[in-house]
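Trainee: Spelled out, the chains give:
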Amino acid sequence: MLTSEWLPLLEKCEDALLKSLDLNGYSLTKGGPFGNSLEYRLGAAWLVLEARHPQSKPFALRVPISDIFARSEHIDRLNFISEKMEDENITWFPGFEMKSFDFGPEPGVQPCPVMVMEWVEGEPLWRVLYQHRNNPKVLTDLLRQFSRLVDEMTSAGFDHGDISITNMRVMPNGMLMLLDPDSLTHEELHISRSVELGHPTWNHSQRSTEHTVDLHLIPVALIKCFIEALIHDPNLLSVEPDPEEFFYTEEDLQNPYQSQNFDRLMGAFGLSPSPKKGLHPLLDLMAALDGSFEDVSLWLCAPAREDKNPKVTIEYLLDTEIQPHKASRRNPNIRPIPRERKRWNASDFAREFNFFRKHSESTREE
Amino acid sequence: MKATTQSPALVLFLVDGSHSTGVSWVTDAKQGTEESIATTIETAVNRALHDLVVNVCYQESEICNRISLGLYVAQGDSVSWGIGEDSPEAGWLPSDQWATLAQQVGGSPRWFNLEPQGKTPLLKGWNHVYAILSEFYTEFPQSSAMLVTLTDGSFKELNFDEETINELKELQQSTVGERSFVHLLAHISADGDEPLVFPIERPDGAVSSMLYDLSTTLPSHMFEGSQHPSLGGVSLSPESRAYIHNADPVLLSEMIQLGSRVVEGNGSRPLPVPIIEEE
Numbered sequence: 001m002l003t004s005e006w007l008p009l010l011e012k013c014e015d016a017l018l019k020s021l022d023l024n025g026y027s028l029t030k031g032g033p034f035g036n037s038l039e040y041r042l043g044a045a046w047l048v049l050e051a052r053h054p055q056s057k058p059f060a061l062r063v064p065i066s067d068i069f070a071r072s073e074h075i076d077r078l079n080f081i082s083e084k085m086e087d088e089n090i091t092w093f094p095g096f097e098m099k100s101f102d103f104g105p106e107p108g109v110q111p112c113p114v115m116v117m118e119w120v121e122g123e124p125l126w127r128v129l130y131q132h133r134n135n136p137k138v139l140t141d142l143l144r145q146f147s148r149l150v151d152e153m154t155s156a157g158f159d160h161g162d163i164s165i166t167n168m169r170v171m172p173n174g175m176l177m178l179l180d181p182d183s184l185t186h187e188e189l190h191i192s193r194s195v196e197l198g199h200p201t202w203n204h205s206q207r208s209t210e211h212t213v214d215l216h217l218i219p220v221a222l223i224k225c226f227i228e229a230l231i232h233d234p235n236l237l238s239v240e241p242d243p244e245e246f247f248y249t250e251e252d253l254q255n256p257y258q259s260q261n262f263d264r265l266m267g268a269f270g271l272s273p274s275p276k277k278g279l280h281p282l283l284d285l286m287a288a289l290d291g292s293f294e295d296v297s298l299w300l301c302a303p304a305r306e307d308k309n310p311k312v313t314i315e316y317l318l319d320t321e322i323q324p325h326k327a328s329r330r331n332p333n334i335r336p337i338p339r340e341r342k343r344w345n346a347s348d349f350a351r352e353f354n355f356f357r358k359h360s361e362s363t364r365e366e
Numbered sequence: 001m002k003a004t005t006q007s008p009a010l011v012l013f014l015v016d017g018s019h020s021t022g023v024s025w026v027t028d029a030k031q032g033t034e035e036s037i038a039t040t041i042e043t044a045v046n047r048a049l050h051d052l053v054v055n056v057c058y059q060e061s062e063i064c065n066r067i068s069l070g071l072y073v074a075q076g077d078s079v080s081w082g083i084g085e086d087s088p089e090a091g092w093l094p095s096d097q098w099a100t101l102a103q104q105v106g107g108s109p110r111w112f113n114l115e116p117q118g119k120t121p122l123l124k125g126w127n128h129v130y131a132i133l134s135e136f137y138t139e140f141p142q143s144s145a146m147l148v149t150l151t152d153g154s155f156k157e158l159n160f161d162e163e164t165i166n167e168l169k170e171l172q173q174s175t176v177g178e179r180s181f182v183h184l185l186a187h188i189s190a191d192g193d194e195p196l197v198f199p200i201e202r203p204d205g206a207v208s209s210m211l212y213d214l215s216t217t218l219p220s221h222m223f224e225g226s227q228h229p230s231l232g233g234v235s236l237s238p239e240s241r242a243y244i245h246n247a248d249p250v251l252l253s254e255m256i257q258l259g260s261r262v263v264e265g266n267g268s269r270p271l272p273v274p275i276i277e278e279e
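Read top to bottom, the protein sequences are chains A and B.
First residue of the first sequence: 1, per the working numbering; consecutive thereafter.
First residue of the second sequence: 1, per the working numbering; consecutive thereafter.
Bound-form chain B, shown alone:
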């Protein structure tokens, strides 16, 4: 995913802010530390935003407008802007505007606070971000985009029937077309299913297969420079889908931060081959 000032990349977060994300889970089994899913998401999103500024936008003591950001929370009955007070008219903010919205908390910049409440209007959220994505591609036809969807929603309760699922997949396809697009999708479910992380094959089950279909593969540059790419101890291959289901807190956190690695700004361009030199 290329990100330059002429063709900035759009990073969109769609975060489930429902009441259920307030439940605690064990984040460090050895030390017995617990925190809410919402706190895990909040911390990881803030870290990902920080990393985007540090690793992509900051060059020669200036913040370059390489990353446009849209951060939305699906909560209660509505989808709302997640950082700062005013929702941007365009649906996203350029780097020099969103980067400066951070508040310094304990030495770390913090943009996003998540207070769980209400239900999850996830479908409304997806419709909203795909509409923003469409506007963005119209304004920047050469640009790349990444959508990070984070949810613990129960799809049975959300009434995702087959028709809805097909319409959703079609909406994503028609919005994105052949453009550069990455969809990272993390679903934490209370159904007790076995974890499914970065699958290569399409899983069974209506919900899992829908989320698999909506997620994309990771950009090829992520596999350059490493012979055994992995994330949180899980091996990645170029065919792996950017989809995790019922991952533990560490992997969820790493997946969210993965967002800052997907965007290729001034990053390294090493090659996946060993250096063989003869003197």
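Pulled out of the complex, with its shape left as it was, chain A reads as follows:
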């Protein structure tokens, strides 16, 4: 169902929907392009509504735009991911819970899955990057946070198939959050096919549904290289970009050596094209894009998962080189905090405190 079909239906069912989701006293935020419908955020797979309460924390209610994301096998997968996130006490991704609601006689909505997710305040990463393109301090912090988020994600056994500039939000406190649970997988969830290919301007052109591992490597390298280049050259974002084609185009990723955008990045770093490995992360990225997806991990590596020496250094966290070590094992350096079931009513303060404590522990020098 399209957004334009969902909005009137959601408006009609608002009270019953919120009641069935145990969100008494909540209401859906109004607005929309003409100011006379519900306000919404448009995702690739889900329509996102905001449920607000005068005294309680807000939630995001998500309903599927495409039928494929409403299938029971996919809902099972989302439930697994949700539980795994709770087990691992994930702080870089908003917690969510799958519920359902019968929206009426129309096909596909009886009952229909509804995702209740923690509402992530703040701005999308693409907007923050554009607004702060001349502020290297902010950009450096974002780059460090992004690297850390990816380290945590992979260390907890997760992979994400649609990391992109639109699937990341910067919260008011500056914390970076990843979104889009449909593309989130876990090593214990042995998928035989990916559910989607991710955005074509952030993913390898030859990636297919058969590829189920190393999904984050290309988009992460693309984002890291871009932010670092932006620190050197703010003119890379001289005009306000469309998040759907933020910097790279589909054609850039298909032919990196014929791409003007990759030329601009090389210019920012003072590089010239070279197929030799290890000279610079950008050149490795270009080589990875130019080859087949099967060979991506030869050029780009997931963050190290060392078995020994669990000490984490300040240098590691700063990650200024953007050059992760080649290894495929889990990194014990970044430990999940002891198991404690997250609750829906956990305060933002507790959440931030957990995040802080987690990193305080993992960065302590022996």
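By construction, these hints were calculated from the structure, which means they are not laboratory data.
Don't take every hint at face value.
[To be verified] Covered by chain A, according to a simulated footprint, are these stretches of chain B (three or more residues, beta-carbon under 8 Å): (1) 16 to 28; (2) 166 to 177; (3) 200 to 213.
[Said to hold, decoys possible] Pulled from the structure, derived: some chain A residues nowhere near chain B, Cβ distances all over 12 Å: (4) Trp6; (5) Ser20; (6) Leu23; (7) Asn36; (8) Ser37; (9) Arg41; (10) Leu42; (11) Trp92; (12) Gly104; (13) Trp126; (14) Gln206; (15) Glu240; (16) Ser272; (17) Ser274.
Every value quoted in this text rests on a predicted model; they were computed, and no experiment measured them.
Just so you know, even glycine gets a beta-carbon here, dropped at the ideal spot from N, CA and C.
Please arrange chain B on chain A, whose structure you already have, making use of the hints.
Mentor: Just chain B now, with coordinates in the frame of chain A:
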């Protein structure tokens, strides 16, 4: 059809506003509801424009200039701009300009009113929109475009001889070239012909074959995410032409609104394969 602010998509409507579109047809047989063809077209075009804003242009509480719009009515002896008072110099308006021209009528935004009168200068209309299309491709060489032609014109009366038909097909081809282009074409005819909806094979008859040739196939992304794509109960295949002849009001309405599905803005990117997972 990709639509971004750097490469906005152009959506062009060419609507037949002739006197004959004022005739009524049954829109709901069960309830015995009737309305004019013009009203059906008007409602569906407004709905399609609304859907383009909601589904493609609106993001993070802003209207992004992803869709440029040109809406023209072929009526009487001329081809005129169809929304707002002033015809845009370029021939089209960017999203933030046309989206705000809507008037709220009964809670729904309304851009377009169609008052049937006069004849159908359809050939003049096509020449006009192809000229706009050419200008647009010059300004935005990477952009996509979609033309929606809606007519009930009698091609015999319109004097579409073989030479005219060939010139028209050539004009479209030379304007579009290898660029991304979709032509949705709906023809309601009083000739009593059998309906022809989304044909795969070229039909017989000079008019039908011309309209078949002018129409394009639907973009491939429309077939992603659905194993049995259909519209108004009619199965679609990647070879189906975006052409309907003598469709009923429901299908005509759905075809016009199909325009908002053809453009791929921030839409979903699911795949046409079942999800197979093993835990």
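Trainee: The structure should be examined with respect to each hint, and the outcome stated for every one.
Mentor: Hint check:
no.	hint	in the structure
1	16 to 28	violated (count 0)
2	166 to 177	violated (count 0)
3	200 to 213	violated (count 0)
4	Trp6	9 Å, violated
5	Ser20	25 Å, holds
6	Leu23	22 Å, holds
7	Asn36	6 Å, violated
8	Ser37	8 Å, violated
9	Arg41	7 Å, violated
10	Leu42	5 Å, violated
11	Trp92	21 Å, holds
12	Gly104	19 Å, holds
13	Trp126	9 Å, violated
14	Gln206	15 Å, holds
15	Glu240	8 Å, violated
16	Ser272	27 Å, holds
17	Ser274	29 Å, holds
When each numbered hint is compared with the structure, violations occur for hints 1, 2, 3, 4, 7, 8, 9, 10, 13, 15.
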